[in-house]
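A.B. asks: Sequence:
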Amino acid sequence: MAERRRPGGELANRPLHFFWVVDCSGSMMGEKIATANYAIKDAIPGMRKAAEENPNAQLLIRTLRFETGAQWITPTPVPVDEFEWEPLELGALTSMGMAFDMLADQLEMPPMSEKALPPVIVLLSDGNPTDDYRTGLNRLLSLPWGRKAVKIAIAIGQDVDVAILEEFTGNRELVLQANNADQLAKMIKWASTVAKQVSSPVSKPAPVDVAGEPVQSNVPQMVNVDDIPDIDDDPVGDVW
658 MAERRRPGGE LANRPLHFFW VVDCSGSMMG EKIATANYAI KDAIPGMRKA
708 AEENPNAQLL IRTLRFETGA QWITPTPVPV DEFEWEPLEL GALTSMGMAF
758 DMLADQLEMP PMSEKALPPV IVLLSDGNPT DDYRTGLNRL LSLPWGRKAV
808 KIAIAIGQDV DVAILEEFTG NRELVLQANN ADQLAKMIKW ASTVAKQVSS
858 PVSKPAPVDV AGEPVQSNVP QMVNVDDIPD IDDDPVGDVW
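The working numbering applies: residue 658 is where the sequence shown begins, and numbers increase by one.
Quick caveat, the hints were computed from the structure, so don't treat them as lab data. Virtual Cβ for every residue (Gly too), placed ideally from N, Cα, C. Treat the hints with care, as some may be off.
[What the hints assert, rightly or not] The list that follows gives simulated cross-link-like pairs (lysine-lysine, BS3-like), each with its CA atoms no further than 25 Å apart: (1) K846 to K698; (2) K772 to K805; (3) K846 to K805.
[What the hints assert, rightly or not] Pairwise CB distance ranges, derived in the manner of DEER restraints: (4) N670 to N785: 15 to 23 Å; (5) M686 to V876: 27 to 35 Å; (6) G687 to K805: 14 to 22 Å.
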């Protein structure tokens, strides 16, 4: 593939870090974790194709699981064309705060670089933190790359404290609700497309109200929330 260059000859290939952050607590047992494992694995080929179509960005993927503690499944960033999804196993508790703290470690400079594109962090959880989540989250959001990151949360089932997930994303529109396996698979697939939106954003007019005044929104301008799947269109099925 021919390399595109900026004026002056500098390679126009900027790193885009994409993080899957998955709740592996005991309550994810059965259909929830099985669906998450299948849907994320199924989304990877589409992410590879999107990356091939945009040589201006180097898509790097990592997986962080949390339960009683947190663990990087991929210790270092992996180029999307080399990334393989490893099925996640479950533990007991929900150490979300530790996961936030470990994310913050990776969004410091270094290891992040100034020329990187905004990172994308997709958090999946079906419950509430069992540790001090606020300290880790405050540290994450205090970092320049923590604030600039596109943060998406998928609330799995009805037992999630959505207010905590909204603290993480900074916007209610980026907290997605999945009440059954079909909805979870759709939300994961949509979230996987956000890397393409960030690496090749399509400009669109800023939203205005009926009086023509600008509407304030925390949704990053490069993310199109209009195509998030509508769960109201899904059959009820088994509700978590």
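A.B. asks: Go through the numbered hints given earlier and state which of them the structure violates, listing their numbers in rising order.
C.D. replies: 4 and 6
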